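Model the full assembly from the supplied sequences, consistent with the hints where possible.
Number of protein chains: 2
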Amino acid sequence: MIGDIDSKMRSKGIDGIVVFGDTTLADPDLSYVAGGVLPRGGTYFKKLGRPPLLVVSNLDYGSARRAGKVTRIQTLTQWGYEKLLKRFEDRSDAFPHLISQILRAEGVRGKVVLFGRNDVAKGLRLAERLGRLGVKVVGQQSPTVLEAARDRKDGKELEELRKVGAKTARVVNEVGRRRATVGLIKFMIASKLARENLIAPEGTIFAVGPSGADPHNAGVDAAEIKKGRLIVFDIFPQAQSGYWSDLTRSFVVGRADARARKLFETVRDAQVSSVDYLRAGITGEAAMELSCDIIERAGYRTVREIFQGKTKSLSTGFIHSLGHGVGLTIGESPYLSLSSRDSLRSGEVVTVEPGIYIPGYGGVRIEDTVAVRTRGVENLTKVEKELELN
Amino acid sequence: MIGDIDSKMRSKGIDGIVVFGDTTLADPDLSYVAGGVLPRGGTYFKKLGRPPLLVVSNLDYGSARRAGKVTRIQTLTQWGYEKLLKRFEDRSDAFPHLISQILRAEGVRGKVVLFGRNDVAKGLRLAERLGRLGVKVVGQQSPTVLEAARDRKDGKELEELRKVGAKTARVVNEVGRRRATVGLIKFMIASKLARENLIAPEGTIFAVGPSGADPHNAGVDAAEIKKGRLIVFDIFPQAQSGYWSDLTRSFVVGRADARARKLFETVRDAQVSSVDYLRAGITGEAAMELSCDIIERAGYRTVREIFQGKTKSLSTGFIHSLGHGVGLTIGESPYLSLSSRDSLRSGEVVTVEPGIYIPGYGGVRIEDTVAVRTRGVENLTKVEKELELN
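Taken in sequence, the protein lines are chains A and B.
Residue numbers for the first sequence follow my numbering, beginning at 9 and rising by one.
Residue numbers for the second sequence follow my numbering, beginning at 9 and rising by one.
Treat the hints as calculated values from the structure; they're not laboratory data.
A pair holds if it fits inside one copy or across any two, identical chains being indistinguishable in the list.
When the alpha-carbon atoms are kept at most 27 Å apart in a straight line, the in silico BS3-like pairs for lysine-lysine are as follows:
id : residue 1 : residue 2
1  : 130       : 144
2  : 119       : 130
3  : 91        : 318
4  : 20        : 130
5  : 119       : 144
As the structure is a prediction and not an experimental result, all values here were calculated from the model.
Now the structure itself:
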């Protein structure tokens, strides 16, 4: 939560943080600290124990006010940025001077961490220039101060996540029962997402038969939805607030044969058992182990074999991890996997998405997005898990 | 163009580049070198003078093949990444070892630049760890090797940009003539974008009357579109290929008064004159000066006053720059502005978007996306510039 930033900074010995970027689009840290959309980005300064400062272009002053999370907002012009641009040949020389000036004015003297999704090559150059100007820039490993703050969602954030979950469910419930080509279904999905004011910048997966055996195959537009074929429908839209939802259902139109039924029931058992098992204190690794247990007991292979050194690679069975955090990104900590060191905390929001894949035949994956509570979870995905649609 | 990478590396004394990230979403460098979407990202290695290598998770091997730009594709498992994850406590320790191993195997011995939109804090830590492992990581200022390669678009890229331009124009032509509230218009726009398979991850600006005087005010959903009020309609969608289009029109429904007409005609004159003026060899600064000349001659103020030191800030008149590059991002070099050092080259694609803003009254901005040619430009935006819609 945003109020955690000071304590996280203190525990890591950090005196100041700077979050910068040319856009809040796909920059979860910058949109988190600003509280909304800055069309041309901005730079956020936080001295330990003091209220933050947001510096934006003249153009984005109004956007920064509307985003509303930071009360101290100033413009680049107030900091003489145009003069710096005239003094130096290049923006990449003027910008470090601006940053060091503002850090000095804010009283930052100790270690500084730079945030924001930016070109690593340019970030390194900025850090080097800041070093020459006397700023003590240090790197950070995951979870960074901001990732740690973002992990647990506050009431307003959970409300956003609930909303995008409900809208996504509405789209899925309406689309699930139609028959057509994949291309037509995808067009319907896109229209319904638009009506809900959601976007799907990474697309939607609607994979029929063998293409469903590749977890990231988005499906072939020209493919027809034949009766009895397994379909993997994975939808991951984002609301204008920046928050995401992640939902997968697998089903057949018409009657399923015994092979499809066993796949489906095994995955549903693993998924429902894992959701039931989750609560604050459970480790991401233990949740994954539970799904592996259930899937192996049914006779399918899992990635545990790779971790046990029994095989080098695996293309059949449960070949990915159980889940990941969801918030201002569609993939963040905590992770539910065999290599995860995360222990779940109340307020974290994660996916639970076991799957089994049979090359040449098809796949089944079932996924909900859930909010972790002290006792159990709040399931943000309210869509039935049925094998046969008629 | 992608073939320029070797010569740019050579001229900057770089022996290897690494492009990495957890997603190609909003990562123009990673999607550029991969040639398409990698749902969970990947790592691209390029030794000077040798064909590149793309390393992805087992899951994304199919996606990498479909993206199709790199022929040498390998998986993390082939490089023993699971073992590295077991050997080290943390992913952020295993990853530097993986990178240094592959760089060694590819024969990279000299300077290495890291690319990809990633948390700066984590990028700095990766660079530091790589340094300990003997990799010579250096920063870069703009334009980086990849930005320089991306500037000029090849035939396939121009074809994508033409397509997204044509689709965007179709949406605008259909929406422009309706009357409703802003919210209803925006819903219609979103539906039509969905039909064209376009997304607008940064939203759409449809600002009526005084809200149009703030260039980044997206418009108020509840506002009614009253006759005679100036409307700024700025739409910037992205195609699934990753390429963008940027288009602004300003108009009134019904009859315009003399004040609106003078604003509109001045901006249109500046815009059309600047488009006509552009060709390879023209500087971004000269194009901006031409628009300022025309707008000042009509009696409006421009940002030139700030650059001349006559004022510290400006909220009326032509208060932003003339344009920017468009490609896999919606804002990149070259820039058409008073501080630009860019000289236009054939194959670059830029916006031309002068605007005049009158606080409390409204604004006019007109914008096309154009491809720079040796003689003139190819205008990718085929939408009329009319003041009055009836």
